[in-house]
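Residues per chain, in single letters:
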Amino acid sequence: MARIIVITSGKGGVGKTTTSAALAMGLAQRGKRTVVIDFDVGLRNLDLIMGCERRVVYDFINVINGEANLNQALIRDKRCDNLYVLPASQTRDKDALTKEGVEQVLVELSHNHDFIVCDSPAGIEHGATMAMYFADDAIVVTNPEVSSVRDSDRMLGILSSRSRRAENNEEPIREYLLLTRYDPLRVVNGEMLSVEDVQEILSLKLLGVVPESKAVLTSSNSGIPVILDRESDAGQAYSDMVSRYLGDEVPHRFLHPEKKGFLSRLFRG
Amino acid sequence: MAVNPNPRKTDPDGSRSFELKAASFTLPIIRLLDANVEAVAARLGAKVEKAPDFFRNTPVVIDLSDLPSGVGAIEFPLLVGLLRGYGMIPFGVRGGNREQNAAAEALELAVLRESYVRRGKSANETSTKEIDMEVSPTPPREAASSTPAPPARRPGQGFMLINRPVRSGQRVYASGGDLSIVAAVSSGAELMADGNIHVYGPLRGRALAGMNGNLEARIFCQDLQAELVSIAGHYRVSEGIPTELRGVPVQIFLDQKILRIEKL
Ligand SMILES: Nc1ncnc2c1ncn2[C@@H]1O[C@H](COP(=O)(O)OP(=O)(O)OP(=O)(O)O)[C@@H](O)[C@H]1O
Ligand SMILES: [Mg+2]
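For the protein sequence lines, the chains are A and B, in the order given. Quick note, in the numbering used here, the first sequence goes up one by one and the last residue is 269. Quick note, in the numbering used here, the second sequence goes up one by one and the last residue is 264.
The shape of chain B in the complex, shown without the other chains (with noise of 0.2 angstroms):
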């Protein structure tokens, strides 16, 4: 499991009023490059287009690792304001000169310091490598020190079992294994587990199984039409689901990190 709490720290007052944790995040990257906001901005158009209720509300990090050596000082408030203007939420770089940190700081951008994020063999996709991180055996201690509050997680952990329909507007999710969900799930409803998720009647929503990096989880369903599906990150929105596989049994899993769909 990528959550990874640290023992609880006695507070010598005796008061607690918190507590702090640590808990790491699969979060989607943007890796630039091209420090030409514009031409970002065209060829990021074109992806959210696609998924565009993914990016809603979802936090990004900005990663500029791979950016070419000595391209001139990057338009963050461009950048910042693009992204926010397709919903989401920009809250980080990685990966940056001094400079280009600096920048960032001034919009009040978080920087993310390597030894928060080990460094991941260059992937191809978004979100791929903070992917390749959580799957590590042994995840880096500091890893994911300065996340934000973790999702609301149930108590029971292990699998869980839904036996009404999910609806428009809601999220589930099974942290830690499985999700059952025997009735239908609307179009605009969001299942979420760390394992795999199975749904016994038409899945109309989304569904993002091995959230937190697992690259085995499957999704079983009766009857596809999803809006989105995903495993580990590795997405595949409703357009691209071909019409064949569309309202029949499927299983969805990844192959090689491609995303698989296959009639059962």
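The following block holds chain A by itself, in its conformation from the complex (with noise of 0.2 angstroms):
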């Protein structure tokens, strides 16, 4: 049986995105058999972040239809094995997404696969509520400001609430936190909550802080889940969330302003 990972925010544009595809590499690399599936219809841009928009011919919303069968509608990473992507519908209206449609997709990858990563839509709509309500994790993604803290916290809320596991009384979500874009130069300015600001808030287990970071940008404009840049920043963060996922114990990093960039500043000025 795979696990199913949702990975969820209340406010939009928070590198929920980003980080599916992130996550989803970084299983597949440590062996993991894994799918991510993009639950944003009509938004369709995990593809893009996977640089596999290319060899899309059929979608999630085909499969639920019956228009297509899974295996049509999986595209095998070229990078790595172990991983599938399973794009959105661009054109298809949300409400496509049933519960029972979805509920038979997921049945069936849980047959042969270890993680199921669902990358939703920020909020509560209805895309977001699918991708939730099947959940066993939730990694719930935040900015580091009072506006992203505050939904996030609305968002395990309804989480706590509106899944599977909730009505049939079970075990409930396990829920993460993950900082993403985060400033350590902008924090000591007051610019923006610290880590602990956030944790205080939010009380919850804390899976990663990942920096405000060019890499990002430039890897997904290529087509490259930022994890795959070892170089970067916040490739190295992503990886070290993908090990403290999986039980590993590492410390956290990227938290303080580098202590050369007081020097260079003020070289550079």
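Some hints here could point you the wrong way.
Claimed, not checked - If you anchor each label on the Cβ, the simulated ranges turn out as follows:
| id | chain 1 | residue 1 | chain 2 | residue 2 | range |
| --- | --- | --- | --- | --- | --- |
| 1 | A | H256 | B | P242 | 51 to 61 angstroms |
| 2 | A | S243 | B | E19 | 50 to 60 angstroms |
| 3 | B | R164 | A | L185 | 32 to 42 angstroms |
| 4 | A | R164 | B | R84 | 47 to 57 angstroms |
| 5 | B | K47 | A | E67 | 34 to 44 angstroms |
| 6 | B | R84 | A | H126 | 21 to 31 angstroms |
Calculated from the structure, these hints are not laboratory results. Ideal Cβ placement from N, Cα and C applies to all residues, glycine included.
If you follow the hints, you should be able to join the two separate chains into one complex; please do so.
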């Protein structure tokens, strides 16, 4: 049986798709049979970040509607054999995601995968509720700003009531916090919340802190999940996140401004 | 307890698609002292400003009984619009004369007859009147027989224990008893209990104890950072909580109907 992980957030544009791609790739690289599903119907972009947009024939909705079978719709990643992408439809209506349909696809995928990563749209609209309903684990992606933290808190409330686990009175979804676009310098200057601030408000297990990084945009523009950029701070932070998710104790990095930053700024300026 | 369900009526057809029950509710009352809606608007604005969230989606009753006799017609459409603008749900009037009642009915406001509400002594605060009624040992049988359906109630009444964080947007109601939270309560979360509320973690949201009008109810918390605290409808918003009482363990109770916050 696969473990189903939903990547969710209250606010949009915080880095869910970036995270989904990184997590899926990271798990697959460690030998886990992984599939990543785009639940953002109408706004397909997971396939862009995964670099497989030109190989999309069928999508998630086609499978739900019985117009294609899973094997036809799944796209195998060219860099990693253990990884598959199930793209979203750009054209269909969100309501085509039915609970029964989603469940059927997840059950089928469960048989021969270890992890199913669900890239959710932001907020609590239909696509997002479908992505979270069947989840075993949730990674709540949050930026270090008040509105994002507040929305994450709200998402956590919804997660704990609107899921299969909650409805069946099973053990609740395991919830993790991932802070992204963390800019230590701006934290020091008081323009952003610190890790401690956010944790104090959300009281949640911190899975990782991903720094604000140019590497993210560069990678996604070329269709490479940033975790594959091992030189980059964001890539390393995502790699640590995957290790922590799999149970390793890894200290957090990139929490403080680089020391040399001060001098180099001084001389550059 | 305020809820006083009538014995179930047996349905002659044996079909049970609904039950008819009576329940009483504690509701804020807007007691008009001035028929001039503009003057009301100015005062109300100032009041709501202090607790904007408190009134959001709150049903309110407009009490007309203290208006000076001989005031002209009340501009209900204006008044209703005003209240709605602040997020309240005006749903009825009481204590009006025949003209006023007719004008209210024309706007589909319910006219609450005197029999629904025991005339309390004139109270100074919005909402206290209704609370007087609620704590009376034997509520009048007709009390609130016209009120809307009660909020969802949990089975196994008595007290409620929650050991996960209560998040923004979540509401927890311990009907008929105490509520204990052994976790953090986020800003934007709402705790309600007919009895006491205990929070073993930071309380950042709202806590309303004594929901059924129990003036003896208290709130105990380890770390007060609340947006609003209320006992039996007597509330205080964050702005009104002195800094030295914030972030420390406190108890909150009513002393002669005045809300007191005391360090523990
Ligand atoms: N750590 C980071 N550093 C810099 N930019 C980032 C980082 N993470 C994400 N971004 C940028 O933020 C934008 C939004 O990222 P992404 O698409 O992953 O967010 P999302 O949460 O999936 O958005 P949506 O809610 O629209 O689905 C992108 O332009 C991405 O490149
Ligand atoms: Mg996205």
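To see whether the hints hold, each was checked on the structure:
The hinted range of 51 to 61 angstroms is not satisfied by A/H256 and B/P242, whose Cβ atoms lie roughly 36 angstroms apart. For A/S243 and B/E19, the hinted distance range of 50 to 60 angstroms is satisfied, since their beta carbons lie about 56 angstroms from each other. Distance hint check for B/R164 and A/L185: the Cβ-Cβ separation is about 35 angstroms, which falls inside the suggested range of 32 to 42 angstroms. Look at A/R164 against B/R84: about 38 angstroms separates their beta carbons, and that is not inside 47 to 57 angstroms.
Range check, B/K47 to A/E67: about 59 angstroms between beta-carbon atoms, so the 34 to 44 angstroms window is missed. Hint check: B/R84 to A/H126, Cβ distance near 29 angstroms, so the stated range 21 to 31 angstroms holds.
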